[in-house]
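Chains as they are written, first to last, in the working numbering: chain H, 1 to 475; chain S, 476 to 937.
In short, the hints are calculated from the structure, not lab data. Treat the hints loosely; a few may be bogus.
Claimed, not checked - The calculated BS3-like cross-link candidates involving lysine-lysine, where the alpha carbons are at most 30 Å apart (straight line), are:
#1 S:K897 - H:K33
#2 H:K372 - H:K328
#3 H:K240 - S:K898
#4 H:K364 - H:K433
#5 H:K446 - H:K372
#6 S:K826 - H:K25
#7 S:K898 - H:K209
#8 H:K209 - H:K199
#9 H:K240 - S:K897
#10 H:K358 - S:K897
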Amino acid sequence: MNAGILLCLVILLPLIGGLFVLNAKDAVASNAKNARHTALLTVFSNILLILFLFSYFKSAESQTSGLIDIAFVLTNKIEFIFGADLFALVFVFGVQIAVFVGVLGVKKENQSQKGVLFFALCYLSMTNGYFFARDICSFYICFCGQLFPLYMLMCFANSEIQNTKLFYLFGHYFLGAALLFASFVLIMHTKQGDVLIEKISSVHFSHQKSIYIWGGIFLALMLRMPVWPFYHALTSVSVKLTNSLALIALNFLPLSGVYALTRYWPLDIPVEIELLSPIFQILCIVTMLVAAFGGFIYSNTSQKIHHYIFVYDLLYLLAVFLPTDVIKMNIAYSVFAFLLMGSCLIVLQSYMQNQSLKTGLALKGILCHMPKASLCYFLFVLAAIGLPVSAFFWNNFLIVSEIFNYHLYAGTAVIFAMTMAAVSLLEGAYELKTETCLPQTQVKIKDIDIFTFCVCILIMSVLLVSVVRPLWFVF
Amino acid sequence: MIENIIYTLSESSLIASIVGVLMSALFSQEGKKTCFKIAQIGILFSAFFAVLFYNKTFLEGFFSASWKTTLTYCICAFSALCWLWLSSKWFVKQDASSTRFCVLALFLMFLLSLIIKTTNVFVLYGGLAFLGLTQYALLKTSTSSESLYHFAAKYLFAALVCFAFLGCALYFLSGNSYHFDALAAFLQTQSALKAAGVVLGLFCCILFFVGAAPFHFWYADAVSASDLPVGTYFALVPNMACWSVFLSLYDKVFMPFSQNLKPIFVVFGCLSIVLGAIGANATRFIRKIFSFAYLYQLGVALLVLSTFREQSAFATYLYLEVYLFLMIGVYVCLFGMRLNGAHINNLSFLKGYASVRPYVSATMVFYILCLTGLPPFIGFATQFFMLFNVYRSLWLLYVILAGFLLLLPAYFRIIQTIYFFKKGYHFDRVEFGLYVALIVHIVFVLLLAFKPNFFMMQASLF
Numbered sequence: 001m002n003a004g005i006l007l008c009l010v011i012l013l014p015l016i017g018g019l020f021v022l023n024a025k026d027a028v029a030s031n032a033k034n035a036r037h038t039a040l041l042t043v044f045s046n047i048l049l050i051l052f053l054f055s056y057f058k059s060a061e062s063q064t065s066g067l068i069d070i071a072f073v074l075t076n077k078i079e080f081i082f083g084a085d086l087f088a089l090v091f092v093f094g095v096q097i098a099v100f101v102g103v104l105g106v107k108k109e110n111q112s113q114k115g116v117l118f119f120a121l122c123y124l125s126m127t128n129g130y131f132f133a134r135d136i137c138s139f140y141i142c143f144c145g146q147l148f149p150l151y152m153l154m155c156f157a158n159s160e161i162q163n164t165k166l167f168y169l170f171g172h173y174f175l176g177a178a179l180l181f182a183s184f185v186l187i188m189h190t191k192q193g194d195v196l197i198e199k200i201s202s203v204h205f206s207h208q209k210s211i212y213i214w215g216g217i218f219l220a221l222m223l224r225m226p227v228w229p230f231y232h233a234l235t236s237v238s239v240k241l242t243n244s245l246a247l248i249a250l251n252f253l254p255l256s257g258v259y260a261l262t263r264y265w266p267l268d269i270p271v272e273i274e275l276l277s278p279i280f281q282i283l284c285i286v287t288m289l290v291a292a293f294g295g296f297i298y299s300n301t302s303q304k305i306h307h308y309i310f311v312y313d314l315l316y317l318l319a320v321f322l323p324t325d326v327i328k329m330n331i332a333y334s335v336f337a338f339l340l341m342g343s344c345l346i347v348l349q350s351y352m353q354n355q356s357l358k359t360g361l362a363l364k365g366i367l368c369h370m371p372k373a374s375l376c377y378f379l380f381v382l383a384a385i386g387l388p389v390s391a392f393f394w395n396n397f398l399i400v401s402e403i404f405n406y407h408l409y410a411g412t413a414v415i416f417a418m419t420m421a422a423v424s425l426l427e428g429a430y431e432l433k434t435e436t437c438l439p440q441t442q443v444k445i446k447d448i449d450i451f452t453f454c455v456c457i458l459i460m461s462v463l464l465v466s467v468v469r470p471l472w473f474v475f
Numbered sequence: 476m477i478e479n480i481i482y483t484l485s486e487s488s489l490i491a492s493i494v495g496v497l498m499s500a501l502f503s504q505e506g507k508k509t510c511f512k513i514a515q516i517g518i519l520f521s522a523f524f525a526v527l528f529y530n531k532t533f534l535e536g537f538f539s540a541s542w543k544t545t546l547t548y549c550i551c552a553f554s555a556l557c558w559l560w561l562s563s564k565w566f567v568k569q570d571a572s573s574t575r576f577c578v579l580a581l582f583l584m585f586l587l588s589l590i591i592k593t594t595n596v597f598v599l600y601g602g603l604a605f606l607g608l609t610q611y612a613l614l615k616t617s618t619s620s621e622s623l624y625h626f627a628a629k630y631l632f633a634a635l636v637c638f639a640f641l642g643c644a645l646y647f648l649s650g651n652s653y654h655f656d657a658l659a660a661f662l663q664t665q666s667a668l669k670a671a672g673v674v675l676g677l678f679c680c681i682l683f684f685v686g687a688a689p690f691h692f693w694y695a696d697a698v699s700a701s702d703l704p705v706g707t708y709f710a711l712v713p714n715m716a717c718w719s720v721f722l723s724l725y726d727k728v729f730m731p732f733s734q735n736l737k738p739i740f741v742v743f744g745c746l747s748i749v750l751g752a753i754g755a756n757a758t759r760f761i762r763k764i765f766s767f768a769y770l771y772q773l774g775v776a777l778l779v780l781s782t783f784r785e786q787s788a789f790a791t792y793l794y795l796e797v798y799l800f801l802m803i804g805v806y807v808c809l810f811g812m813r814l815n816g817a818h819i820n821n822l823s824f825l826k827g828y829a830s831v832r833p834y835v836s837a838t839m840v841f842y843i844l845c846l847t848g849l850p851p852f853i854g855f856a857t858q859f860f861m862l863f864n865v866y867r868s869l870w871l872l873y874v875i876l877a878g879f880l881l882l883l884p885a886y887f888r889i890i891q892t893i894y895f896f897k898k899g900y901h902f903d904r905v906e907f908g909l910y911v912a913l914i915v916h917i918v919f920v921l922l923l924a925f926k927p928n929f930f931m932m933q934a935s936l937f
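Just chain S, same shape as in the assembly (with noise of 0.2 Å):
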């Protein structure tokens, strides 16, 4: 009993922060960024104990903790803290109540604590119905359109429709079956309807959440129309926590049905890819252009994990991993740029940005020439170990080349937009702090080009 309190620290750490953050909000005048520190420092305790306990959970029939659940959840409150430093310096300029973000903040962790380790589907079922609640609350946040509620609205309408169906499907299975580890073996004795069902349900259930087509219509929406520092929960936070979920997935569940489930995979991989290439050119919107490249990226993946090898899903845990790392890089880049005091999005007013912040710009073009994956930048490295282990059909190569063709003009209009316009506007100043946060990710992002194997746990892929 004891010990399952005590395994229970990183969540309960959580949970004390949510109240220290209301008790703060209630009686301390410091303001916003009190709540901002309560909830880091909330998040870095729970990190710390997730790593302590990292193998031991409690109720062990519902949860279960490894290397991976306990490095996914590292990542993920890694990019909270990153997110909430980056948030903390926008509510201090727009000058706004941060106490009902903070909460949301640390419920969010809390609940992609526990989808991260659960092993029971009815659990898993839970944490994801809450998880869609609160991002639709987070949402809701947002100041910055009207049309975002509409947004937010259809958002939680397509949440529910999948947790209803997902609920269909779940009501067929009984006795022991609601474990990972037991679920494949029941549903194959089960009929093909029942077991496609299920199957389908949380497949399809995971994929909206981490946002890949054609589930992925909220996504670009949410990172870009919405306030700067929702949006960077969107684009940073909950994506490796729900990859982690798949993958977990994917090796227990999907596994047996691998012939039938792979033209899904193979059709969803592509349509991200294509509708991501497509999506990044077509817009103007900087954010937009990042989340449809984020897209392609879950179609390179999902291609790549339609092989069904052995490997697959450690690869694309890794290229996803260097993905994200790279996008708080971005982030950073993104919340230092500012036009009248206003961050900005629109691409049309980044002209000539290289002229008056030289330093940022370079950074975010070195940036991007990571996410784009040529040579010799890291992204290179990722992409090609992960080409390399799981290749299996050339025309699934082809196809990511193709989209990888595509989606590169999107990439270099933002490089040309930043140094080949004119100067238009007069922009801000960026805060020292960015600079310094910058320096620090940059030389994380040339260790990790330089020596791979220590990001990547020694990873069997070299």
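Bound conformation, chain H alone (with noise of 0.2 Å):
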């Protein structure tokens, strides 16, 4: 089959899986759930789609160079190309799986989730076609478009979020999509028609327009990530969520302004921009620190493992601002391990609080009384803080020692980040597993399915060989 078509079905069939789980009949009453097997089913599909495709990289030359494109010409003036190479498909692989992890922690929700699956399907359509645009139109278009669905999928999953709260993320999002829309009508204004991103570059602006057009871009994919003073936004409007596919949403939102600027940010940018930089690495690095202190500071679990998430974003952001392109591969693979662990952990997490909230007993030792998400869950935390169990140690291990190599001062302050992360997360892992344990016989606690563990054991396999070998389950 056609590659470019397989790339549009991947980025379309959420879509139209979307318009099937409204249409799916869930009664509560009956237990049925087949909204959310429709979505399940969508997303499984998808992942299938993407190992084929990442069959078309299969030779050496092609995993480095490769590129599988289409276009549609819209006007004479606007063309919309999709592309995608292999750092793209790995993000995109990555998402899907992380999707699907966040569609089987729905099951055990009370009421109907057509809305929140619904949302989310959108959400992911319009994140496959953000990581496969190759033209500032489509770019833009799919940038903002996975706003509303995220902003829907938040109000489903817990209406009960303060407004305020919510606006004010929003507000940022937004504010980013603002500008990088000025940028978008002065890029197309300028060269009178569509452009690839890679080639803005090469694009002549005036001095003045250059710095307008490369800062609202820059401010746009970074608003993509609150840093100090907003990151609180984030992380506070996380806390109230308690269904794992909006929690996954939102705390993988940031991830696409990292790989934007990974893929896109050119070396010769103005000098006034780039002057900006060593600012916003400061920036970052004491987000990272008030991250890593908050999270070590909350007695909460989820609190723990939305400030883990967020410092490895940051970690990220920072590894996009050195000055090489040789690591771009190591934050890809890295990624793909941190989506894989990070959704794990949200949806044992938020499985754990559904059952806290069910049963009324408090969550610490909790785990006692679930061997089965005992398990999964430990296993993921020890890939999470670091151990040598997952691709995540290397690629991060390369990340930090080119972090070091940049400057010595801001690879300390990140190690330190990171260890404080790991504590926090091991803290709450001993939390939940304290032998102080709830009143045995009383109350029945449900361990997660087997279908759950088993995807977990696989996902946690898929880790642990990727070791070894990053991609080991397509070359």
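Both chains are sitting in their own frames, so use the hints and assemble them into the complex.
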């Protein structure tokens, strides 16, 4: 089959699946979960399609330079171009698996989750489009198109989130979208038409214009990652959410900014913007430290996980700022492992939270009654703190060493923040497993079902073998 | 002579319909629906004749017809047909007399037809004066609130002040300078004060009817506080006609004074954007939110016009055309949203509406998304193409985007109330006809999204 068509299918399939989800019959009384099954099938099909797409990059040569392209001529000035290289595919594959795990986590909710699933699939579709977009027009459409489904997802998942916090967070994201729009209009106006993103740097702009354009793009992508003093909006919204799918979508949105910066940020940007780069690096490091301390201070385990995720998001952002392109694929492999681990941790955590709410018992010691969940949780925590049991370890090692190479103090601060995040994660795991246990016989706490357990073990196996070869399952 | 009479068929079919409505009220027992049917047939015929003689007109020194005027009139006629169709449902439910309403509707269409075609400032002045008075009469048909009478009086007073100002300015004109084409040349030979008086008189008078800031004070109340059919008229029907006249003046009269008018365009545009965005956030009345959002759109259009570029007028025309087309869908939804027989205007009464009427709610959200200008919806395409083609000043672009960010919470608040608040009321059933109307409208919107050139007259903007 034509690879370009496959690429389009990967983008559109979640959207089509979403429409089926809306029409699926869900009866709470009879425990019918058709919507969820449809969503699972959709995401699983997408995973298979992506695995198939990987086969186009089998040769060593195409792994580095290969690109699948497809173009749609909309008007004589606009042409949507979607393309995939290995870097994009790794990101997309990780996101699909994360969403698959997230949909699994939706299982135990009491009410019909059609709205959540529909908007999650819309979000997934836009995210896939975003990762594959190669021209500025389709890139902006997908960049902005991610936000509304995410907003609806947040509201469907928990309508009790305070409006102010939600508006604050999304105001932040939409501000980024507006800045990108301004840059987008300027580029289109200068070029009098659509342009490939990697070719933007070769378009000649006046000095002032180029500052506005690159400044806009830079800030738009940066605003995907709320750095200090805005970071609190993201974590405070996350804490209110118990729906795993919404949590996964929200926590991994910042990675889309990292992706775009890694892929498209040119080395020869205007000096004025380049001068700003150290300021943002400092902000990143400060936020990293604050987030790491935040995770350490909170006793709530879910807070610890959100802070941990945020610390690693910022690590990737710092890696992007490094004046080198050699660790590009390392970032991709690390993000892939991070997505898998993070999503599993979030799903297990929200499952435990839901059980705790259902039974009215505290989270402390809850894992004593859930042997399967306990096994999975601890395996993922061990991988997440950086033990050499996944590709996460090697690739992070390289990223951190590059940061050290660039700046000693920055590297030290990063190591310190990562250690703090790891310790707080371990502390949280200890809390969940501590033997001050709950009254054993009075309440029956349900463990995760066998299917979820198998999926977790499978993901752990993928991670484990990836120590040797990150993409062993395709190459 | 006969030719001239034939070319008046578009207007005379409206006059004939007025007679028909009056006759039906006098002699027929059929009731409200007959009046509406006659009015709709009259407008349909009027639009048909307008298309048939799209470049012909009577009294050529005073009026002129082109594809632009015909298109504008067709848009107005289409909006009017939708408005009357929706209003007929309201009148049947309220069991109120519709004769006066229908007569006024037809007369308003007659005036709009003249205003769109006119090329003479005195005809324009007369047309606008009659339009102001007829709109005042229409406002007075509303029975929903006592305060509306005071508001209508205020509206009349403001309109009279505008006319007095414009009248004084036009007093200085003489010779063959009444025609739009000759007016600018004539004014350039006059003293600066005289020229400024005439240009500003025309400018402010039209902006008053369009509802742009700082003359916007009447618009939100006219849309929100009046009865739903009256509010729908102000939201859908006259806007495009008045905007078309404004653009015609922009091309022929304002353009030579671009250097002097630019700051006024910018100030009024910025004011409209800011007041629109803040006003939309400050109110809890859903129709008012949309009317303030319209104010924001006008502000954007004025800022774009302030660049005085070749394609500015056409780009803003398309922008408002699509905007008003989407507003028709919004109003179909609003006619469907009822609680205990009354149409809902206060956002608080819409809590949890989606759990009871999911399709209408989903459609409303769809329209809101289109109106916000977020991609990949159609509002984005028009907004983008307008800014792309007329971009010149960076700070104007940032002002527009800042206004957009300010306005966004107001739109999202509607979505949040409909979807994410617990159901508080038992909402009435939505009529089957409204569902059909929504489906047809959505099909057109999707067509517009996938094939924008089809609706936008193969616009060279693309």
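- Check each numbered hint against the structure and report the violated ones by number, ascending. 2, 7
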